[in-house]
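Asker: Sequences are here, hints too, so could you generate the full structure?
Line order of the protein sequences matches chains V and C. Residue numbers for the first sequence follow numbering that gives the first Met the number 0, so the first one is 0 and each next one is one higher. Residue numbers for the second sequence follow numbering that gives the first Met the number 0, so the first one is 0 and each next one is one higher.
What the hints contain is simulated information worked out from the structure, not anything from laboratory work. Note that beta-carbon positions come from the ideal geometry of N, C-alpha and C, so glycine has one too. Errors might be hidden in some of the hints.
Ranges between beta-carbon positions, derived for each pair [as the list claims (entries may be wrong)]:
(1) C:V36 with V:K267: 28 to 36 angstroms
(2) V:K267 with C:H19: 43 to 51 angstroms
(3) V:S214 with C:D278: 31 to 39 angstroms
(4) C:K48 with V:G39: 51 to 59 angstroms
(5) C:P196 with V:L20: 31 to 39 angstroms
(6) V:V131 with C:V29: 25 to 33 angstroms
(7) V:L107 with C:V29: 38 to 46 angstroms
(8) V:Y204 with C:A191: 41 to 49 angstroms
(9) V:V134 with C:L192: 39 to 47 angstroms
(10) V:L154 with C:L60: 22 to 30 angstroms
(11) C:G185 with V:E48: 50 to 58 angstroms
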Amino acid sequence: MLRYTLHRILMLIPVVVGVALIIFTLLYITPGDPARMALGEDAPAEAVEQFRKNYGLDDPFLIQFSRYIYKGFLQGDFGRSYVTKNPVTVELMNRFPITLRLAFYAVLLGVVMGIPFGIICAVKQYSLFDSVTMVLALIGVAMPNFWLGILLILLFSVHLGWLPPSGFTTFNEMVMPVFTLSGGSLAIITRMTRSSMLEVIKADYIRTARAKGQSEFKIIFRHALPNAMIPVITIIGMQFGTLLGGGILTESVFSIPGVGRLMVESIKMRDYPIVQGGVLYIALVYCFMNLAVDLLYAWVDPRIKAQYR
Amino acid sequence: MIFRKNSMLRLTWVRLCRNHLAIVGLVILVALIFTAVFADVLAPYAYFKQSLRERLQAPSLSHWLGTDEFGRDVLSRLIYGARVSLQVGLVAVSISLVLGGSLGAIAGYYGGKLDHVIMRVMDIQLSIPTILLAIAISAALGPGLFNLMIAVGISSVPAFARLLRASVLSVKEMEFVEAARAMGAGDLRIVALHILPNCCAPLIVQSTLRVANAILSAASLSFIGLGIQPPFPEWGGMLSSARGYLRGNAYLSLFPGIAIVITIIALNFLGDGLRDALDPKQKR
Numbered sequence: 000m001l002r003y004t005l006h007r008i009l010m011l012i013p014v015v016v017g018v019a020l021i022i023f024t025l026l027y028i029t030p031g032d033p034a035r036m037a038l039g040e041d042a043p044a045e046a047v048e049q050f051r052k053n054y055g056l057d058d059p060f061l062i063q064f065s066r067y068i069y070k071g072f073l074q075g076d077f078g079r080s081y082v083t084k085n086p087v088t089v090e091l092m093n094r095f096p097i098t099l100r101l102a103f104y105a106v107l108l109g110v111v112m113g114i115p116f117g118i119i120c121a122v123k124q125y126s127l128f129d130s131v132t133m134v135l136a137l138i139g140v141a142m143p144n145f146w147l148g149i150l151l152i153l154l155f156s157v158h159l160g161w162l163p164p165s166g167f168t169t170f171n172e173m174v175m176p177v178f179t180l181s182g183g184s185l186a187i188i189t190r191m192t193r194s195s196m197l198e199v200i201k202a203d204y205i206r207t208a209r210a211k212g213q214s215e216f217k218i219i220f221r222h223a224l225p226n227a228m229i230p231v232i233t234i235i236g237m238q239f240g241t242l243l244g245g246g247i248l249t250e251s252v253f254s255i256p257g258v259g260r261l262m263v264e265s266i267k268m269r270d271y272p273i274v275q276g277g278v279l280y281i282a283l284v285y286c287f288m289n290l291a292v293d294l295l296y297a298w299v300d301p302r303i304k305a306q307y308r
Numbered sequence: 000m001i002f003r004k005n006s007m008l009r010l011t012w013v014r015l016c017r018n019h020l021a022i023v024g025l026v027i028l029v030a031l032i033f034t035a036v037f038a039d040v041l042a043p044y045a046y047f048k049q050s051l052r053e054r055l056q057a058p059s060l061s062h063w064l065g066t067d068e069f070g071r072d073v074l075s076r077l078i079y080g081a082r083v084s085l086q087v088g089l090v091a092v093s094i095s096l097v098l099g100g101s102l103g104a105i106a107g108y109y110g111g112k113l114d115h116v117i118m119r120v121m122d123i124q125l126s127i128p129t130i131l132l133a134i135a136i137s138a139a140l141g142p143g144l145f146n147l148m149i150a151v152g153i154s155s156v157p158a159f160a161r162l163l164r165a166s167v168l169s170v171k172e173m174e175f176v177e178a179a180r181a182m183g184a185g186d187l188r189i190v191a192l193h194i195l196p197n198c199c200a201p202l203i204v205q206s207t208l209r210v211a212n213a214i215l216s217a218a219s220l221s222f223i224g225l226g227i228q229p230p231f232p233e234w235g236g237m238l239s240s241a242r243g244y245l246r247g248n249a250y251l252s253l254f255p256g257i258a259i260v261i262t263i264i265a266l267n268f269l270g271d272g273l274r275d276a277l278d279p280k281q282k283r
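Answerer: Laid out in structure tokens, this is it:
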């Protein structure tokens with residue numbers, strides 16, 4: 000297990016550098032001069048020159064990229080915003096907890112509701128509960144989360160006036176954004192749990208358990224559930240990344256000051272260091288999440304553990 | 000349609016017809032494609048025709064789905080929006096299919112170091128959430144229909160690369176491939192004529208489902224102002240501008256969303272149906 004963990008952590012390094020390279024290259028080739036954008040169209044030539052020098056914009060690509068990696072990952076300095084002149088790390092750190100919390104609650108909601116729903120659907124296959132849940136899940140998968148957010152605002156803020164349409168500090172403010180972001184994942188986790196449970200329930204060892212007179216409760220939770228959870232865990236890990244990205248839309252629907260909104264604003268103002276930093280941060284968190292999921296996976300599934308003895 | 004007796008295509012079609020949901024999906028899609036192609040004839044008004052005297056009108060006989068903040072007919076804009084969404088979905092998926100497919104086929108067929116390098120690069124791309132990557136790419140390319148297609152297309156390249164690599168790996172050791180090689184066929188011929196046709200089934204299913212994803216991504220990008228720019232009708236963009244009129248003009252934010260959901264559901268139905276029809280052994 001230790002060897003596997005170490006192996007996986009080392010594998011993370013090329014991935015992180017690769018992600019940084021992709022994002023850095025993308026924004027490097029972007030048309031438009033950030034110096035002009037930051038200083039305004041009619042800034043004097045010397046000021047533009049000075050700006051380019053300060054931010055090292057005239058250096059060759061590889062030099063710029065190596066500097067970015069070196070300063071970023073060894074000194075925690077991802078440059079400064081062109082607009083506010085604050086360090087990127089500071090700007091992101093102010094916003095990141097909100098985005099992370101939003102994604103975390105959304106995953107949590109998906110797990111806490113999705114898994115029980117999936118289990119009930121599988122156990123009572125073709126019942127009314129199953130059919131209704133599956134229709135809702137079908138719509139949930141097809142629904143863009145920003146539209147779900149708009150509909151919730153329409154119903155609960157505009158018509159009923161129960162919940163505030165924006166913000167993310169009090170519980171009331173959090174209900175709609177978390178549900179909005181969670182919608183698709185909830186549907187996917189429910190469907191995955193259901194189909195995985197159905198498959199496991201058909202297995203021979205479940206029939207054996209029934210034959211020896213095991214109680215139905217024990218069959219479902221002791222025998223079937225642990226095996227049925229393996230694909231569900233993978234899905235949950237993948238959902239976390241989707242939700243970190245999808246948070247960008249939810250944040251802009253509910254005017255939540257998270258990394259997503261910051262990035263959308265920064266893209267419009269061509270504030271590249273912020274955009275780069277934001278994408279990198281989210282990708283990093285996603286990588287660590289995946290690592291955690293894979294380790295959990297190895298811990299749950301002895302077959303993987305056995306490979307790394 | 001003309002089929003040879005009991006051909007693969009015919010069997011698939013027969014099986015697909017037994018699946019009611021898939022047929023519903025197919026019918027909706029055909030209707031949507033029809034709408035998109037004949038938008039000029041079907042739309043009661045031009046999508047850009049403004050009429051400030053008729054702005055923000057609720058649905059009525061002359062404007063079935065009402066008018067927006069510039070007095071433009073919502074129904075007409077939805078109809079033209081179908082054209083944009085389907086175009087983006089199809090072109091974006093074609094881009095990822097061609098790029099991802101060739102990378103995956105090369106990786107699977109040649110194996111070894113090349114395989115390792117290609118798949119590691121794909122893994123790296125996969126560690127950026129898809130929508131985030133699409134946002135970054137379209138931020139870099141700038142707004143516009145074509146750039147939107149590229150951004151959405153590139154962001155789902157790894158999915159196709161992985162799929163095709165796996166299928167090629169499972170096919171390339173088969174005897175008929177060896178037979179082709181023994182008869183002196185070159186690599187390109189073997190891959191294109193012998194291996195690829197046998198990887199079609201998962202590819203068709205995946206492509207159908209990916210079109211749905213691509214349409215969702217495109218709508219999301221337009222919603223945050225990165226995709227298609229305002230005067231041009233795009234469902235996500237329409238929702239974005241409708242947000243300012245939630246109080247009093249709720250219908251503006253209903254119809255584009257309904258259009259998106261119906262399209263996605265239809266594609267999902269068809270995709271799932273195709274999966275079952277093309278591979279009856281693995282019926283889920």
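Asker: Next step is simple, just say for each hint if it's right about the structure.
Answerer: Now for the hints, and whether the structure bears them out:
| no. | hint | result |
| --- | --- | --- |
| 1 | C:V36 with V:K267: 28 to 36 angstroms | holds (35 angstroms) |
| 2 | V:K267 with C:H19: 43 to 51 angstroms | holds (46 angstroms) |
| 3 | V:S214 with C:D278: 31 to 39 angstroms | holds (37 angstroms) |
| 4 | C:K48 with V:G39: 51 to 59 angstroms | violated (37 angstroms) |
| 5 | C:P196 with V:L20: 31 to 39 angstroms | holds (36 angstroms) |
| 6 | V:V131 with C:V29: 25 to 33 angstroms | holds (29 angstroms) |
| 7 | V:L107 with C:V29: 38 to 46 angstroms | holds (41 angstroms) |
| 8 | V:Y204 with C:A191: 41 to 49 angstroms | holds (45 angstroms) |
| 9 | V:V134 with C:L192: 39 to 47 angstroms | holds (44 angstroms) |
| 10 | V:L154 with C:L60: 22 to 30 angstroms | holds (28 angstroms) |
| 11 | C:G185 with V:E48: 50 to 58 angstroms | holds (56 angstroms) |
Hint 4 from the earlier list is the only one contradicted by this structure; the remaining hints agree with it.
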